[in-house]
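Visitor: Taken in order, these protein sequences are the chains called L and H. Per the working numbering, the first sequence runs over residues 1 to 114. Per the working numbering, the second sequence runs over residues 1001 to 1111.
These are calculated hints, taken from the structure and not from any lab test. Computed from a predicted structure; not experimentally measured. Even for Gly, the Cβ is constructed at its ideal location relative to N, Cα and C. A hint or two may mislead.
[Unchecked claim] On the chain H side, residues computed to face chain L include the following (Cβ under 8 Å):
(1) Y1039
(2) P1040
(3) E1042
(4) P1044
(5) L1047
(6) S1049
(7) T1063
(8) N1067
(9) P1079
(10) G1083
(11) I1100
(12) F1101
(13) G1102
(14) K1103
(15) G1104
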Amino acid sequence: KAGVTQTPRYLIKTRGQQVTLSCSPISGHRSVSWYQQTPGQGLQFLFEYFSETQRNKGNFPGRFSGRQFSNSRSEMNVSTLELGDSALYLCASSLVTENTGELFFGEGSRLTVL
Amino acid sequence: DQQVKQNSPSLSVQEGRISILNCDYTNSMFDYFLWYKKYPAEGPTFLISISSIKDKNEDGRFTVFLNKSAKHLSLHIVPSQPGDSAVYFCAAGGSQGNLIFGKGTKLSVKP
């Protein structure tokens, strides 16, 4: 069974640009969550989608947005990039949200903003 | 406001000894707690979890203890192995739906 797939794995952008990251969840998983990991800050929750609907949103500015498609694949977009957006962006999928909470993570997309 | 705290950024242990990683939380409404392990250039992988109605859960060399009155949980690894060297994240979840993670503790197990 294929795991969570994130593309691209690495990318470099400049300030002011925008970026779109993609996530394909494990087959059958309908919930997709996005997290940002920066040094010293752990994993900070961005948002969670279930059946194409955003169910939860973290404390990030409106420049960060996402969506989920009917096949459960998800994308997140960051507009007007800032230097501080440099981070590892992790996508995770799960069967449902109201269970033991186990998430299956992808390897992440490492974004560098210059 | 940090709801899940891992106050030790790093921990160094000798191979064969016990590793104890600690985690504190502030929200008494959390229903479950999990530990994840993360190697460099990889995503976090689930290690072990515990429900708020239990005080201990064991899986091989890994045991998680929960002290609800102290809002504290710990992960014990016995015996520690060099392959256990990684960053360990504590996470908590509940009715809010999403997992809240701590900042992580980097464990180094020395041969």
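Visitor: With reference to the structure, classify each hint as holding or not holding.
Guide: Status of each hint after checking the structure:
Nearest Cβ of chain L to the Cβ of Y1039(H): about 10 Å, over the 8 Å cut. The hint is violated. For the restraint placing P1040(H) at the interface with chain L, the shortest Cβ-Cβ distance is roughly 10 Å, beyond the 8 Å limit, so the hint is violated. Interface hint status for E1042(H): upheld, as the beta-carbon distance to the closest one in chain L is roughly 6 Å, under 8 Å. Annotation: P1044(H) was flagged as interfacial toward chain L, and the flag holds, the nearest CB pair being 5 Å apart, inside 8 Å.
Because the smallest distance between the Cβ of L1047(H) and any Cβ of chain L comes to about 10 Å, over 8 Å, the interface hint for this residue is violated. Interface restraint check for S1049(H): the shortest CB-CB distance to chain L comes to about 5 Å, inside 8 Å, so the restraint holds. For T1063(H), the interface hint is violated, the least distance from its beta-carbon to any beta-carbon of chain L being 17 Å, above 8 Å. Hint status for N1067(H): violated, given a least beta-carbon distance of 19 Å to chain L, over 8 Å.
The restraint placing P1079(H) at the interface with chain L is violated, with a minimum CB-CB distance near 26 Å, outside the 8 Å limit. Here the hint on G1083(H) is broken, as its CB sits about 19 Å from the closest CB of chain L, past 8 Å. Against a cut-off of 8 Å between C-beta atoms, the interface hint on I1100(H) holds, since the closest Cβ of chain L lies about 7 Å away. At its closest, the beta carbon of F1101(H) sits 4 Å from a beta carbon of chain L; the interface hint therefore holds under the 8 Å criterion.
Hint status for G1102(H) relative to chain L: holds, with the closest Cβ pair at about 6 Å, below 8 Å. Annotation: interface hint on K1103(H) holds; nearest CB of chain L at approximately 4 Å, less than 8 Å. Against a cut-off of 8 Å between C-beta atoms, the interface hint on G1104(H) holds, since the closest Cβ of chain L lies about 5 Å away.
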